[in-house]
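There are 2 protein chains.
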Amino acid sequence: MRLFCFENRPRIVSCASVGGGLEQQGPLSSFFDLTENDTKFGLDTWEKAERRMNELCVSLVMQKAKILPEEIDLAFAGDLMNQCTASSFAFRGRDLPYCGLYGACSTFAESLGLAALAVDSGKARRALSLASSHFCTAERQYRYPLEYGNQRTPTSQTTVTGAGCVILGQDPSPVGILEFMPGRIVDLSAKDMNNMGAAMAPAALDTLLRYQKETQTDFSGFDGIFTGDLGAEGLKMLRVLSDREGLSLPSSLNDCGILIYDRVRQDVHAGGSGAGCSASVFCGYLYSKLLDGEWNDILLIGTGALMSPTTALQKESIPAVAHLVRIRRC
Amino acid sequence: MRLFCFENRPRIVSCASVGGGLEQQGPLSSFFDLTENDTKFGLDTWEKAERRMNELCVSLVMQKAKILPEEIDLAFAGDLMNQCTASSFAFRGRDLPYCGLYGACSTFAESLGLAALAVDSGKARRALSLASSHFCTAERQYRYPLEYGNQRTPTSQTTVTGAGCVILGQDPSPVGILEFMPGRIVDLSAKDMNNMGAAMAPAALDTLLRYQKETQTDFSGFDGIFTGDLGAEGLKMLRVLSDREGLSLPSSLNDCGILIYDRVRQDVHAGGSGAGCSASVFCGYLYSKLLDGEWNDILLIGTGALMSPTTALQKESIPAVAHLVRIRRC
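So the sequences go chain by chain: A and B. Each number in this note's numbering comes from the position in the first sequence (counting from 1) with 114 added on. Each number in this note's numbering comes from the position in the second sequence (counting from 1) with 114 added on.
None of these hints come from the bench; they were simulated from the model. One thing to keep in mind: the hints can contain errors.
With a straight-line cut-off of 20 Å between C-alpha atoms, the simulated EDC-like cross-links for lysine to aspartate or glutamate are [as the list claims (entries may be wrong)]:
#, chain 1, residue 1, chain 2, residue 2
1, A, K350, A, D306
2, A, K162, A, E253
3, B, K327, B, E359
4, B, K429, A, D209
5, B, K178, B, D285
6, A, K327, A, D411
7, A, K429, B, D158
8, A, K327, B, E185
9, B, K178, B, D209
10, B, K327, B, D411
11, B, K403, B, E293
12, B, K429, B, D306
13, B, K327, A, D209
14, A, K327, B, E184
15, B, K154, B, E169
16, B, K403, B, D147
17, B, K180, B, D209
18, B, K327, A, E253
19, B, K327, A, D306
20, A, K178, A, D209
21, B, K327, B, E293
22, A, K403, A, E293
23, A, K327, B, D209
24, A, K403, A, D337
Sample of chain B residues with no beta-carbon within 10 Å of chain A, all distances over it, derived [stated by the list, open to error]:
#, residue
25, Y262
26, K350
27, S422
28, R442
29, R443
Here are some, though not all, of the chain A residues that point toward chain B, as calculated from beta-carbon distances under 10 Å [stated by the list, open to error]:
#, residue
30, N196
31, G236
32, R298
Just so it is clear, CB atoms sit at the ideal spot from N, CA and C, and this is done for glycine as well.
Given only the sequences and the hints, what does the whole structure look like? Please build it.
What follows is the structure, given as structure tokens:
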């Protein structure tokens, strides 16, 4: 029972996504509800900007569904900032019960799976799921002050400035959450903080293999399998690793970090990353394809690299996790 | 439906707790499964020591119940370290699906509530709940390097070196989880990082008032109501605030941060705090009182101060949350 099947099919009532300037210039620009060129969102720090992005995203998702806070029984949220303050601060004064999560870039899939569990069980009438990241808050926290202008390696990913928010409920709606398979912590001793795709690919493989074993699927029936966010390096590695295991992954396999930017035109190295990447790509692009009926059945595999700057300085390897969520038209 | 009632009464199959030297000298010493005087647990950093404490705690809880990892379908865990690395690193290579949480000192109550939801829903056969903190990792992350020897104010609390772990399941066992009420984010503009009790007391009050409204209880039927961790300052403040709201709290109201130390004999200022405080006090002292039948019905109210050193430097106030879990003999 490590694959949670939701018989009551918690439905996606509403999705909203907010992005920054680089995301506005990317190929998925038109799928965002709102993008903002000013990295500070008109405020005086990037930390406040990320929080503001979350506040906007939560307000938008409720407006779009015409749902009031008191009609939502639980919110799951997380981000990359130490102590997840972009999330907790965004919920100050809101009439919304709050459970904070930390799963690095896997946070969105984790929050979606847990929100689905809460709604499917009948305990929550509706549940909200939110994840965010901001290039400037992440860069200075995990790497260097931005003013330092450090060079990035080709394998490094670019933290997405973005947030995505979903409301799940039993309301009539064509798209629902069918399954959730939480990931195990996998660590194959990758240590390069500038190649997180390499650390996360084995975790994605572990979850895909477990899912295959449980469901006997050959993955060909899905309209898309989206990791988030392995980037170009990690996705390549996932293909190599899965070939080695005899697992055949279809050509519809793609990555949210690759989709969100144009890697030829935009200087993003191996692609996007960050808790806000798969969150905003799902809430914009992926959800709209499902809503339009262009796709019927997809897998989102949220991958997170669970190191910290402290563990990196202490020369530790990078543990990773990958949570799988199956989203389908009902 | 903001109070989750668990009709299937997820049972506590097993509890384990590990503590440090100060906890060994405290009044609850005999309730720990294991205590260790060496702050580094024989390793070379405090960060590794906290992880080791978690590894020991998870191993102990499974040994005590004679349960193998493959019999547990989901683990919820969190700690105070940036990116919650004491938790994620402790699960490397374990066959245990993992969801990371961040709720500061409220993490244990959050994890217990979510684990109960997973088991009650029938999705997970068993779920594990873990939280930890370590005085030395927290002190140098949130405040100053320990070598600096800074003076602490009388209202400040002492981060507990401890971990607590629970396995919930449908196995026959006398103690179960009856209710879970996730808290809302409350921020009354307290800004003093050395008086977190003041920031958290209004969140505890908010949850108690919501619980009273929902259940019409007068709280006198409980054998104990335990906040975790308001400390002496915060508990005093909770009493003042509740009097003002006309909410009468019984004399059985106490705080895990007060219980764990002897504030006369031990130099701990306002008492204990940290995600490992309520976790280890629950898994040791509180659970044993329930198991022995001395108590029948208690409330645990995990309170978390959700600021970060960055938000404090940016002169932000401290948002707080309080999650309520009702634990009863069945």
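Do the hints match the structure? See the list:
no.	hint	verdict
1	A:K350 <-> A:D306	17 Å, holds
2	A:K162 <-> A:E253	15 Å, holds
3	B:K327 <-> B:E359	13 Å, holds
4	B:K429 <-> A:D209	24 Å, violated
5	B:K178 <-> B:D285	14 Å, holds
6	A:K327 <-> A:D411	19 Å, holds
7	A:K429 <-> B:D158	12 Å, holds
8	A:K327 <-> B:E185	17 Å, holds
9	B:K178 <-> B:D209	18 Å, holds
10	B:K327 <-> B:D411	19 Å, holds
11	B:K403 <-> B:E293	19 Å, holds
12	B:K429 <-> B:D306	10 Å, holds
13	B:K327 <-> A:D209	15 Å, holds
14	A:K327 <-> B:E184	15 Å, holds
15	B:K154 <-> B:E169	14 Å, holds
16	B:K403 <-> B:D147	15 Å, holds
17	B:K180 <-> B:D209	16 Å, holds
18	B:K327 <-> A:E253	45 Å, violated
19	B:K327 <-> A:D306	52 Å, violated
20	A:K178 <-> A:D209	18 Å, holds
21	B:K327 <-> B:E293	15 Å, holds
22	A:K403 <-> A:E293	19 Å, holds
23	A:K327 <-> B:D209	15 Å, holds
24	A:K403 <-> A:D337	10 Å, holds
25	Y262	18 Å, holds
26	K350	24 Å, holds
27	S422	4 Å, violated
28	R442	18 Å, holds
29	R443	22 Å, holds
30	N196	4 Å, holds
31	G236	8 Å, holds
32	R298	6 Å, holds
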